[in-house]
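Protein chains: 2
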Amino acid sequence: MAIQYLAGPRQTSFANSTSTHATHFNHLRIAMVRDSAYDTWCGVAHGCTKKIGLKICGKWKEEKEGHFLLPFLEDTSRRSTKVLDFHHPHQLLEGMEGFNLELSDNPESLEQILVDCRDTLKYGVRTGHPRFFNQLSTGLDIIGLAGEWLTSTANTNMFTYEIAPVFVLMEQITLRKMREIIGWTDKDGDGIFSPGGAISNMYSIMAARYKYYPEVKTKGMAAVPKLVLFTSEHSHYSIKKAGAALGFGTENVILIKCNERGKIIPADLEAKILDAKQKGYAPLYVNATAGTTVYGAFDPIHEIADICEKYNLWLHVDAAWGGGLLMSSKHRHKLNGIERANSVTWNPHKMMGVLLQCSAILLREKGILQGCNQMCAGYLFQQDKQYDITYDTGDKAIQCGRHVDIFKFWLMWKAKGTVGFETQINKCLELSEYLYNKIKNREEFEMVFKGEPEHTNVCFWYIPPSLRGMPDSEERREKLHRVAPKIKALMMESGTTMVGYQPHADKVNFFRMVVSNPAATKSDIDFLVEEIERLGQDL
Amino acid sequence: MAIQYLAGPRQTSFANSTSTHATHFNHLRIAMVRDSAYDTWCGVAHGCTKKIGLKICGKWKEEKEGHFLLPFLEDTSRRSTKVLDFHHPHQLLEGMEGFNLELSDNPESLEQILVDCRDTLKYGVRTGHPRFFNQLSTGLDIIGLAGEWLTSTANTNMFTYEIAPVFVLMEQITLRKMREIIGWTDKDGDGIFSPGGAISNMYSIMAARYKYYPEVKTKGMAAVPKLVLFTSEHSHYSIKKAGAALGFGTENVILIKCNERGKIIPADLEAKILDAKQKGYAPLYVNATAGTTVYGAFDPIHEIADICEKYNLWLHVDAAWGGGLLMSSKHRHKLNGIERANSVTWNPHKMMGVLLQCSAILLREKGILQGCNQMCAGYLFQQDKQYDITYDTGDKAIQCGRHVDIFKFWLMWKAKGTVGFETQINKCLELSEYLYNKIKNREEFEMVFKGEPEHTNVCFWYIPPSLRGMPDSEERREKLHRVAPKIKALMMESGTTMVGYQPHADKVNFFRMVVSNPAATKSDIDFLVEEIERLGQDL
Numbered sequence: 012m013a014i015q016y017l018a019g020p021r022q023t024s025f026a027n028s029t030s031t032h033a034t035h036f037n038h039l040r041i042a043m044v045r046d047s048a049y050d051t052w053c054g055v056a057h058g059c060t061k062k063i064g065l066k067i068c069g070k071w072k073e074e075k076e077g078h079f080l081l082p083f084l085e086d087t088s089r090r091s092t093k094v095l096d097f098h099h100p101h102q103l104l105e106g107m108e109g110f111n112l113e114l115s116d117n118p119e120s121l122e123q124i125l126v127d128c129r130d131t132l133k134y135g136v137r138t139g140h141p142r143f144f145n146q147l148s149t150g151l152d153i154i155g156l157a158g159e160w161l162t163s164t165a166n167t168n169m170f171t172y173e174i175a176p177v178f179v180l181m182e183q184i185t186l187r188k189m190r191e192i193i194g195w196t197d198k199d200g201d202g203i204f205s206p207g208g209a210i211s212n213m214y215s216i217m218a219a220r221y222k223y224y225p226e227v228k229t230k231g232m233a234a235v236p237k238l239v240l241f242t243s244e245h246s247h248y249s250i251k252k253a254g255a256a257l258g259f260g261t262e263n264v265i266l267i268k269c270n271e272r273g274k275i276i277p278a279d280l281e282a283k284i285l286d287a288k289q290k291g292y293a294p295l296y297v298n299a300t301a302g303t304t305v306y307g308a309f310d311p312i313h314e315i316a317d318i319c320e321k322y323n324l325w326l327h328v329d330a331a332w333g334g335g336l337l338m339s340s341k342h343r344h345k346l347n348g349i350e351r352a353n354s355v356t357w358n359p360h361k362m363m364g365v366l367l368q369c370s371a372i373l374l375r376e377k378g379i380l381q382g383c384n385q386m387c388a389g390y391l392f393q394q395d396k397q398y399d400i401t402y403d404t405g406d407k408a409i410q411c412g413r414h415v416d417i418f419k420f421w422l423m424w425k426a427k428g429t430v431g432f433e434t435q436i437n438k439c440l441e442l443s444e445y446l447y448n449k450i451k452n453r454e455e456f457e458m459v460f461k462g463e464p465e466h467t468n469v470c471f472w473y474i475p476p477s478l479r480g481m482p483d484s485e486e487r488r489e490k491l492h493r494v495a496p497k498i499k500a501l502m503m504e505s506g507t508t509m510v511g512y513q514p515h516a517d518k519v520n521f522f523r524m525v526v527s528n529p530a531a532t533k534s535d536i537d538f539l540v541e542e543i544e545r546l547g548q549d550l
Numbered sequence: 012m013a014i015q016y017l018a019g020p021r022q023t024s025f026a027n028s029t030s031t032h033a034t035h036f037n038h039l040r041i042a043m044v045r046d047s048a049y050d051t052w053c054g055v056a057h058g059c060t061k062k063i064g065l066k067i068c069g070k071w072k073e074e075k076e077g078h079f080l081l082p083f084l085e086d087t088s089r090r091s092t093k094v095l096d097f098h099h100p101h102q103l104l105e106g107m108e109g110f111n112l113e114l115s116d117n118p119e120s121l122e123q124i125l126v127d128c129r130d131t132l133k134y135g136v137r138t139g140h141p142r143f144f145n146q147l148s149t150g151l152d153i154i155g156l157a158g159e160w161l162t163s164t165a166n167t168n169m170f171t172y173e174i175a176p177v178f179v180l181m182e183q184i185t186l187r188k189m190r191e192i193i194g195w196t197d198k199d200g201d202g203i204f205s206p207g208g209a210i211s212n213m214y215s216i217m218a219a220r221y222k223y224y225p226e227v228k229t230k231g232m233a234a235v236p237k238l239v240l241f242t243s244e245h246s247h248y249s250i251k252k253a254g255a256a257l258g259f260g261t262e263n264v265i266l267i268k269c270n271e272r273g274k275i276i277p278a279d280l281e282a283k284i285l286d287a288k289q290k291g292y293a294p295l296y297v298n299a300t301a302g303t304t305v306y307g308a309f310d311p312i313h314e315i316a317d318i319c320e321k322y323n324l325w326l327h328v329d330a331a332w333g334g335g336l337l338m339s340s341k342h343r344h345k346l347n348g349i350e351r352a353n354s355v356t357w358n359p360h361k362m363m364g365v366l367l368q369c370s371a372i373l374l375r376e377k378g379i380l381q382g383c384n385q386m387c388a389g390y391l392f393q394q395d396k397q398y399d400i401t402y403d404t405g406d407k408a409i410q411c412g413r414h415v416d417i418f419k420f421w422l423m424w425k426a427k428g429t430v431g432f433e434t435q436i437n438k439c440l441e442l443s444e445y446l447y448n449k450i451k452n453r454e455e456f457e458m459v460f461k462g463e464p465e466h467t468n469v470c471f472w473y474i475p476p477s478l479r480g481m482p483d484s485e486e487r488r489e490k491l492h493r494v495a496p497k498i499k500a501l502m503m504e505s506g507t508t509m510v511g512y513q514p515h516a517d518k519v520n521f522f523r524m525v526v527s528n529p530a531a532t533k534s535d536i537d538f539l540v541e542e543i544e545r546l547g548q549d550l
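Those sequence lines, one after another, are chains A and B. Quick note, the numbering used here runs 11 ahead of the 1-based positions in the first sequence. Quick note, the numbering used here runs 11 ahead of the 1-based positions in the second sequence.
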């Protein structure tokens with residue numbers, strides 16, 4: 012597929028060109044308009060200089076090359092294609108053949124722009140490849156992609172109904188649907204799509220603070236007791252990060268112990284709440300995680316909710332990763348109790364396969380977001396508009412301009428239906444179960460925690476031949492710690508697959524396998540296992 | 012142009028179809044792969060249900076309709092096309108003919124998906140229309156659009172070099188170039204692209220706080236003196252919003268008086284700093300605006316920088332709107348002194364015509380962002396990777412996942428060169444000058460402030476016949492206050508053009524005209540003026 016800018020009034024020859032249907036079939040054309048606005052549009056495209064614009068555009072008349080988006084998609088779906096073609100930063104910075112990242116004063120030729128586009132993809136990472144397992148967000152949903160292309164073509168801003176009427180309503184409807192799926196019965200909840208789970212979690216803390224101490228908005232943190240937040244030691248680092256940003260301080264983000272499966276120990280939560288109160292702190296907020304980043308653990312929400320009710324604390328559920336399971340009647344019981352939360356983070360760009368970014372913060376109670384963030388900017392949120400201004404979303408947000416993240420998600424939902432999401436999520440979980448059953452009893456592998464995974468996270472060590480049978484010792488742990496990084500480095504250099512690893516608490520580096528791309532199959536799981544063995548056999 | 016998902020192994024007939032070249036010319040095709048991965052890809056696209064996938068995909072075989080992206084672009088460039096087709100929220104929610112926003116359990120037909128896409132554009136607002144003047148971000152740069160399509164196809168995440176090697180380097184190079192243009196001579200500055208100017212401004216306050224009071228990160232705002240921030244009464248509301256979010260409190264965001272042109276009065280700044288110190292507050296940060304939202308005013312940066320140096324305060328320049336003028340040798344003097352700032356917000360998605368979103372926060376000193384936001388998440392930012400991990404950007408950000416906002420901007424810069432941006436920015440400023448000269452002496456219009464605009468903002472009242480010659484009075488002001496909203500409502504209903512209005516301080520509702528779309532011409536300015544007169548003549 013080519014990106015072919017072009018054509019124009021002088022370009023009628025295009026329709027009579029001798030290029031084949033097959034060539035056309037592989038073309039993506041952004042065609043220019045055959046009317047008097049042509050020159051202006053050239054200007055818009057190419058720097059407002061008609062001469063440059065015509066020069067660059069004109070080139071296209073003879074251009075038959077320059078396909079890259081379609082072949083990229085095609086290649087990405089092929090197992091034989093590498094996931095990446097690894098280069099070190101200094102190599103790319105020095106400039107690969109014909110690909111120079113530096114910017115200059117003068118325009119590049121159109122040929123060069125095409126090369127730039129092609130090489131940008133060539134030296135990138137194919138996150139849509141069925142063997143890319145490196146992140147919680149993988150895959151490339153074609154309907155989602157089409158949605159994102161339409162979104163960029165519409166190029167508008169979510170802050171007002173005035174300039175994004177359809178998208179604003181789609182957001183409202185989708186958020187309501189998500190609240191229903193969470194199990195909140197009140198129609199009047201709230202929410203907003205934000206640029207990622209970390210920001211969604213930040214919103215949840217801001218909402219809690221505003222609900223209990225609205226004076227912070229005007230008087231700051233100095234005006235209230237020393238507030239503390241609780242989250243598990245396995246929870247996402249964004250809770251701590253938000254604690255730092257919002258003026259709580261990371262020391263006032265208290266980490267709760269987890270059991271061997273990475274789930275919060277409710278007794279430890281209650282003990283730490285009591286301890287904080289005794290020391291004169293004011294407990295405010297508890298984050299329960301539904302699907303931790305590394306273990307994929309689900310905190311026991313009902314037990315945590317009981318404690319929150321007892322001590323009158325805000326309960327947030329970070330379901331950025333696990334929220335997708337709410338779509339599955341088979342798996343949603345893992346989030347039982349989520350309907351008792353005051354707020355929920357849920358990232359459709361993770362387990363639901365929506366393109367990056369698509370993250371929602373959902374609130375049970377209406378009005379808090381608005382109260383918390385409202386600044387009543389007169390130039391945007393005029394009170395005397397002709398439409399119902401309660402549809403303007405800008406005063407709820409910490410952003411001013413806000414990208415349209417809703418359309419790709421909405422369109423996917425329309426195309427798949429709730430049942431489509433359910434099927435695709437169930438499939439990913441089955442693949443993880445397959446992996447778990449495949450490796451759990453083999454001497455080449457050691458599981459990081461016992462028992463079947465609850466989410467698609469399968470955490471394991473690969474034990475190279477040299478370490479098999481060696482009893483646990485500091486030396487063995489040190490050696491084992493170096494295995495995963497070595498295999499990962501070899502994997503990236505060979506470009507065959509990608510999977511994450513990390514140390515965690517007292518555990519040395521282990522692999523964290525996750526599946527969120529429904530294009531993956533059992534053969535891809537088999538391949539990953541074989542590849543780890545191949546790359547690790549001499550370690 | 013159609014979005015045509017499709018094809019597949021059974022679809023060889025496509026190449027022999029009888030559709031004309033012209034039809035092909037108008038097609039955008041996302042073609043499926045003719046290999047064994049086809050079914051899986053269908054699954055990815057259509058809910059992981061082969062049957063549904065095939066059903067939807069298969070429909071495409073006969074589909075000749077369904078073009079919408081290209082006609083949308085074509086129409087948008089035509090003056091005869093309406094800027095919008097206005098409907099009230101309740102109208103769209105009740106469902107327009109065949110267009111239902113509600114989500115359901117089961118997949119929609121492919122025909123319906125196409126209708127949904129077409130209607131999404133139909134009932135939206137054409138922000139790329141040359142007569143859309145409603146926001147600071149307007150226009151639709153075709154190279155930028157191509158860049159955004161490639162970005163969504165690559166669908167990756169900026170947090171690590173590991174999965175976004177090319178984009179991470181492009182960001183680094185572009186930020187360095189922007190710092191050079193600001194005039195910072197030290198090679199080792201810093202910066203990051205963020206989801207909008209409000210978040211960029213928030214970063215600047217966090218950076219200032221971390222530089223002067225790093226203990227806030229761990230101990231919170233309670234551990235430090237009562238910090239205060241200074242910004243002008245004409246500055247963007249995001250400074251106050253960030254003050255609320257970060258725990259300063261809006262009362263501790265002190266507003267400095269402006270002169271009649273909307274520029275900070277340095278003497279008032281100094282007086283308020285002294286007053287705050289006397290009251291026991293600790294002044295931390297001053298925001299100077301380069302291009303205010305409403306008046307387009309440029310604060311006198313040198314004079315403000317002198318005061319900041321004298322009192323050892325962090326100087327931030329919010330050049331979200333005005334930053335583009337740095338690209339123009341004719342206009343960059345308006346930002347003289349910006350090289351003395353500690354941090355700068357600069358939104359290429361405003362005056363440089365990049366698609367939404369593209370906003371940079373730039374810092375003169377390296378290391379502050381990292382120090383401020385670093386949480387060292389082991390699962391993402393492993394210390395034992397095989398590449399130079401200083402290229403990972405995630406620990407600088409308040410986000411975890413971060414959308415790729417750089418590519419569209421980088422590609423535009425390659426295609427236009429610095430000179431291309433300069434030409435297009437100069438053109439927009441010339442159009443504003445044309446508007447100013449056209450209306451400044453006419454009895455139908457009254458300027459909100461005297462003198463030539465510095466940016467493209469032209470602020471004016473339209474004086475309807477009934478108010479002409481009437482001396483200033485409460486009654487006249489009340490009547491005048493209602494004029495702009497009435498004209499705006501009529502304008503939106505007729506769909507011919509869009510321009511913003513607002514009250515400001517003691518000024519009743521006035522129009523704020525801005526030009527940031529280089530596709531606009533003098534005829535569009537003429538049209539706007541005539542349209543306001545036409546719609547307002549009976550008021």
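Please keep in mind that the hints were generated in silico from the structure rather than gathered at the bench. Worth double-checking, as some hints may not be accurate.
If several chains are the same, the list does not tell them apart, and a pair holds so long as it fits within one copy or across any two.
Pairs of lysine-lysine, BS3-like flavour, derived with a Cα cap of 30 Å [unchecked claim]: (1) Lys533 x Lys497; (2) Lys341 x Lys490; (3) Lys230 x Lys93; (4) Lys268 x Lys230; (5) Lys133 x Lys518; (6) Lys518 x Lys230; (7) Lys288 x Lys230; (8) Lys533 x Lys396; (9) Lys396 x Lys237; (10) Lys133 x Lys274; (11) Lys461 x Lys438; (12) Lys396 x Lys133; (13) Lys533 x Lys321; (14) Lys518 x Lys396; (15) Lys396 x Lys451; (16) Lys268 x Lys396; (17) Lys321 x Lys230; (18) Lys497 x Lys396; (19) Lys449 x Lys237; (20) Lys283 x Lys230; (21) Lys290 x Lys237.
Quiz item: Given a CA cutoff of 30 Å, do Lys396 and Lys451 count as a within-copy pair, a between-copy pair, both, or neither?
Solution: Between copies only: 27 Å across chains, 63 Å inside a chain, cut-off 30 Å.
Quiz item: 30 Å Cα cut-off: does Lys518 pair with Lys230 within a copy, between copies, both or neither?
Solution: Classified as between: cross-chain Cα gap 29 Å, same-chain 44 Å, threshold 30 Å.
Quiz item: Given a CA cutoff of 30 Å, do Lys230 and Lys93 count as a within-copy pair, a between-copy pair, both, or neither?
Solution: neither (55 Å within a copy, 47 Å between copies)
Quiz item: For Lys341 vs Lys490, is the C-alpha pair at or below 30 Å within one copy, between two copies, both, or neither?
Solution: neither (40 Å within a copy, 63 Å between copies)
Self-check item: Homomeric proximity label, Lys133 with Lys518: Cα distance no greater than 30 Å
Solution: Classified as neither; 36 Å inside a copy, 55 Å across copies.
Self-check item: Homomeric proximity label, Lys133 with Lys274: Cα distance no greater than 30 Å
Solution: Result: close neither inside a copy nor across copies, 41 Å intra and 48 Å inter.
Quiz item: How would you classify Lys533 and Lys396 at a CA-CA limit of 30 Å: within, between, both, or neither?
Solution: between (56 Å within a copy, 28 Å between copies)
Quiz item: How do Lys288 and Lys230 come out at 30 Å by Cα distance, when the copy is not named: within, between, both, or neither?
Solution: Both ways: Lys288 and Lys230 sit 23 Å apart in one copy and 17 Å across, limit 30 Å.
Quiz item: With identical chains treated as interchangeable, where does the CA-CA distance between Lys497 and Lys396 reach 30 Å or less: within a copy, between copies, both, or neither?
Solution: Only across copies: Lys497 and Lys396 sit 9 Å apart there, 61 Å inside one copy, limit 30 Å.
Self-check item: Alpha-carbon proximity between Lys396 and Lys237, which holds within one copy, between copies, both or neither at 30 Å
Solution: neither (42 Å within a copy, 39 Å between copies)
Quiz item: What label fits Lys283 with Lys230 when the C-alpha limit is 30 Å: within, between, both, or neither?
Solution: both (28 Å within a copy, 18 Å between copies)
Quiz item: Using 30 Å as the alpha-carbon threshold, which applies to Lys321 and Lys230: within, between, both, or neither?
Solution: both (28 Å within a copy, 27 Å between copies)
The structure fails to meet hints 2, 3, 5, 9, 10, 13 and 19 from the earlier list, while all remaining hints are met.
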